[in-house]
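S.K.: Using the sequences and the hints given, assemble the complete structure.
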Amino acid sequence: MAIKVRFFASLREQQPDGLSQIEAEGVLTVAQVWERATSTPLMPENVLCSVNLEHREPGEPVSDGDEVAFFPPVTGG
Amino acid sequence: MAIKVRFFASLREQQPDGLSQIEAEGVLTVAQVWERATSTPLMPENVLCSVNLEHREPGEPVSDGDEVAFFPPVTGG
Amino acid sequence: MAVQLHDESFDPARLLAEFETSLPVGSFGATASFVGTMRNHNEGDSVTAMTLEHYPGMTEKQLEEVIQDARQQWNIIDALIVHRVGDILPGQPIVLTAVCSAHRAAAFDACRFLMEALKSRATFWKKETLANGESRWVEKNTPG
Amino acid sequence: MAVQLHDESFDPARLLAEFETSLPVGSFGATASFVGTMRNHNEGDSVTAMTLEHYPGMTEKQLEEVIQDARQQWNIIDALIVHRVGDILPGQPIVLTAVCSAHRAAAFDACRFLMEALKSRATFWKKETLANGESRWVEKNTPG
Numbered sequence: 001m002a003i004k005v006r007f008f009a010s011l012r013e014q015q016p017d018g019l020s021q022i023e024a025e026g027v028l029t030v031a032q033v034w035e036r037a038t039s040t041p042l043m044p045e046n047v048l049c050s051v052n053l054e055h056r057e058p059g060e061p062v063s064d065g066d067e068v069a070f071f072p073p074v075t076g077g
Numbered sequence: 001m002a003i004k005v006r007f008f009a010s011l012r013e014q015q016p017d018g019l020s021q022i023e024a025e026g027v028l029t030v031a032q033v034w035e036r037a038t039s040t041p042l043m044p045e046n047v048l049c050s051v052n053l054e055h056r057e058p059g060e061p062v063s064d065g066d067e068v069a070f071f072p073p074v075t076g077g
Numbered sequence: 001m002a003v004q005l006h007d008e009s010f011d012p013a014r015l016l017a018e019f020e021t022s023l024p025v026g027s028f029g030a031t032a033s034f035v036g037t038m039r040n041h042n043e044g045d046s047v048t049a050m051t052l053e054h055y056p057g058m059t060e061k062q063l064e065e066v067i068q069d070a071r072q073q074w075n076i077i078d079a080l081i082v083h084r085v086g087d088i089l090p091g092q093p094i095v096l097t098a099v100c101s102a103h104r105a106a107a108f109d110a111c112r113f114l115m116e117a118l119k120s121r122a123t124f125w126k127k128e129t130l131a132n133g134e135s136r137w138v139e140k141n142t143p144g
Numbered sequence: 001m002a003v004q005l006h007d008e009s010f011d012p013a014r015l016l017a018e019f020e021t022s023l024p025v026g027s028f029g030a031t032a033s034f035v036g037t038m039r040n041h042n043e044g045d046s047v048t049a050m051t052l053e054h055y056p057g058m059t060e061k062q063l064e065e066v067i068q069d070a071r072q073q074w075n076i077i078d079a080l081i082v083h084r085v086g087d088i089l090p091g092q093p094i095v096l097t098a099v100c101s102a103h104r105a106a107a108f109d110a111c112r113f114l115m116e117a118l119k120s121r122a123t124f125w126k127k128e129t130l131a132n133g134e135s136r137w138v139e140k141n142t143p144g
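Residue numbers (this note's numbering), protein chains in the order written: chain A, 1 to 77; chain B, 1 to 77; chain C, 1 to 144; chain D, 1 to 144.
Since the hints were derived computationally from the structure, they do not count as laboratory data. Keep in mind that this is a model prediction, so the values were computed, not measured. Mixed in with the good hints, there may be bad ones.
[To be verified] Only pairs whose alpha carbons sit at most 30 Å apart, straight line, appear in this in silico BS3-like list of lysine-lysine:
{"hint": "1", "chain 1": "C", "residue 1": "61", "chain 2": "C", "residue 2": "140"}
{"hint": "2", "chain 1": "C", "residue 1": "140", "chain 2": "C", "residue 2": "119"}
{"hint": "3", "chain 1": "B", "residue 1": "4", "chain 2": "C", "residue 2": "140"}
{"hint": "4", "chain 1": "C", "residue 1": "127", "chain 2": "C", "residue 2": "140"}
{"hint": "5", "chain 1": "A", "residue 1": "4", "chain 2": "D", "residue 2": "119"}
{"hint": "6", "chain 1": "D", "residue 1": "140", "chain 2": "A", "residue 2": "4"}
{"hint": "7", "chain 1": "D", "residue 1": "127", "chain 2": "A", "residue 2": "4"}
{"hint": "8", "chain 1": "D", "residue 1": "127", "chain 2": "D", "residue 2": "140"}
{"hint": "9", "chain 1": "D", "residue 1": "140", "chain 2": "D", "residue 2": "119"}
{"hint": "10", "chain 1": "D", "residue 1": "127", "chain 2": "D", "residue 2": "61"}
{"hint": "11", "chain 1": "D", "residue 1": "61", "chain 2": "A", "residue 2": "4"}
{"hint": "12", "chain 1": "B", "residue 1": "4", "chain 2": "C", "residue 2": "61"}
{"hint": "13", "chain 1": "D", "residue 1": "61", "chain 2": "D", "residue 2": "140"}
{"hint": "14", "chain 1": "C", "residue 1": "127", "chain 2": "C", "residue 2": "61"}
{"hint": "15", "chain 1": "C", "residue 1": "127", "chain 2": "B", "residue 2": "4"}
{"hint": "16", "chain 1": "C", "residue 1": "119", "chain 2": "C", "residue 2": "61"}
{"hint": "17", "chain 1": "D", "residue 1": "61", "chain 2": "D", "residue 2": "119"}
{"hint": "18", "chain 1": "C", "residue 1": "119", "chain 2": "B", "residue 2": "4"}
M.R.: Structural data, given as structure tokens:
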């Protein structure tokens, strides 16, 4: 299955070689998407995740065609 | 002594014959100013009073030259 | 100018912009403001006009005291109170309060304090004209 | 329009006036609003510029959800959230939240809720440029 991967803000800068798409067979969790897409297997604790524009926990599953995003704590407003 | 008297809002309309100035000898309280200035000796409970632009209680004394005002609860804003 | 009474309709957006422009650029991070506008209905009745009476001299003094009280309670950069007096129509602004501060909590708290304090303390009185032609003094303010 | 993202500087006063003008005259009695403005200092350092990154699609959706949450908690007539994205300078507005309601309590409460909710939930990230030329990501928001 194909998963689209996005990094934002400081994570985008820290993962210059992060993949924008990964291929996988079988079910992956969000944290496993991080492991496949980055060169730093252990996802830092303060990284936030979303799947298809909704916040998700690292242990939740990802489906074919999903967009998974990783970003630091938000600082808007 | 000469006391200036003012009525505002509904009290002004209810006291069309209210005096705008009274003369008195000796010390008067705010409530006594009301009695002298109006035709309704008993000052209603919900009437608010000021002396020289400061809120005052009915029992407080008034001095020569003071401006005493009577008005209903405020409704601005 | 911290306190303004207007006897004709005022433009809250313009006064708010002037208020902010009067402060040094980059000095404040938060502006909270409130505008009270005349509604065309009150207590179940249709209202066509209103007259706002005040106590000249005392009202301005009270509003300045309200701002001083806010300054003592919160770390604010500047505050503004604008209030209409005289004859007013539905849709026209009655009151504008605004507070600039470094951070948002003080601005929110102080702006709300200005409104609650002026509604409970400042000598203004509203008289409504109803659609049937009758008029009545508003007897008390709604709680905040 | 309830949610707006602007990639160039916006005029809070004008947008607030447009927001009110879009509502029926006399229908609302209370408008609470908040403007967050970029300061020229933060955490003890002089700041000369800032970049606001967001997650297109997700951010707008979150802001609309924040407004829906406010509508469920308070009896409000309309609400507005405007947020800057892109490069921004000290003194420029970052965010505007506004709420119109019949009475003031709902407007005050809901306007503050919009700000707190968007600061904690909406996917925006600030990167500051300091006076010494260095840049840094803001790590967390100040509490409200």
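S.K.: For each hint, tell me whether it holds in the structure or not.
M.R.: Results for each hint:
With a CA separation close to 22 Å, the supplied pair residue 61(C) and residue 140(C) stays within the 30 Å bound. Note on residue 140(C) and residue 119(C): the hinted pairing holds, with a Cα-Cα distance of about 10 Å set against a maximum of 30 Å. Distance restraint check for residue 4(B) and residue 140(C): the Cα-Cα separation of roughly 27 Å lies within the 30 Å cut-off, and the hinted pair is therefore satisfied. As the CA atoms of residue 127(C) and residue 140(C) are separated by approximately 11 Å, the hinted pair is consistent with the 30 Å bound.
Restraint check for residue 4(A) and residue 119(D): the C-alpha separation of about 27 Å stays at or below 30 Å, so the hint holds. About 27 Å separates the Cα atoms of residue 140(D) and residue 4(A), which keeps this hinted pair within 30 Å; it holds. Restraint check for residue 127(D) and residue 4(A): satisfied, since their Cα atoms lie roughly 25 Å apart, inside the 30 Å limit. Between residue 127(D) and residue 140(D) the alpha-carbon distance is near 11 Å, which keeps this suggested pair within the 30 Å criterion.
Proposed proximity of residue 140(D) and residue 119(D) is supported: the alpha carbons are some 10 Å apart, at most 30 Å. Only pairs whose Cα atoms come within 30 Å are accepted, and residue 127(D) paired with residue 61(D) is accepted, the gap being roughly 22 Å. About 19 Å separates the Cα atoms of residue 61(D) and residue 4(A), which keeps this hinted pair within 30 Å; it holds. With a C-alpha separation of about 19 Å, the suggested pair residue 4(B) and residue 61(C) falls inside the 30 Å cut-off, and the hint holds.
Under the criterion of a C-alpha separation no larger than 30 Å, the hint pairing residue 61(D) with residue 140(D) is consistent with the structure, at around 22 Å. Our distance criterion of 30 Å between C-alpha atoms is met by residue 127(C) and residue 61(C), whose separation comes to about 22 Å. Distance hint between residue 127(C) and residue 4(B) is fulfilled; the C-alpha atoms sit about 25 Å from each other, no more than 30 Å. A threshold of 30 Å between alpha carbons decides the hint, and for residue 119(C) with residue 61(C) the separation of about 14 Å falls inside it, so the pair holds.
Distance check on the hinted pair: residue 61(D) and residue 119(D) sit about 14 Å apart at the alpha-carbon level, within 30 Å; holds. As the CA atoms of residue 119(C) and residue 4(B) are separated by approximately 27 Å, the hinted pair is consistent with the 30 Å bound.
Of the numbered hints given earlier, the model fails none.
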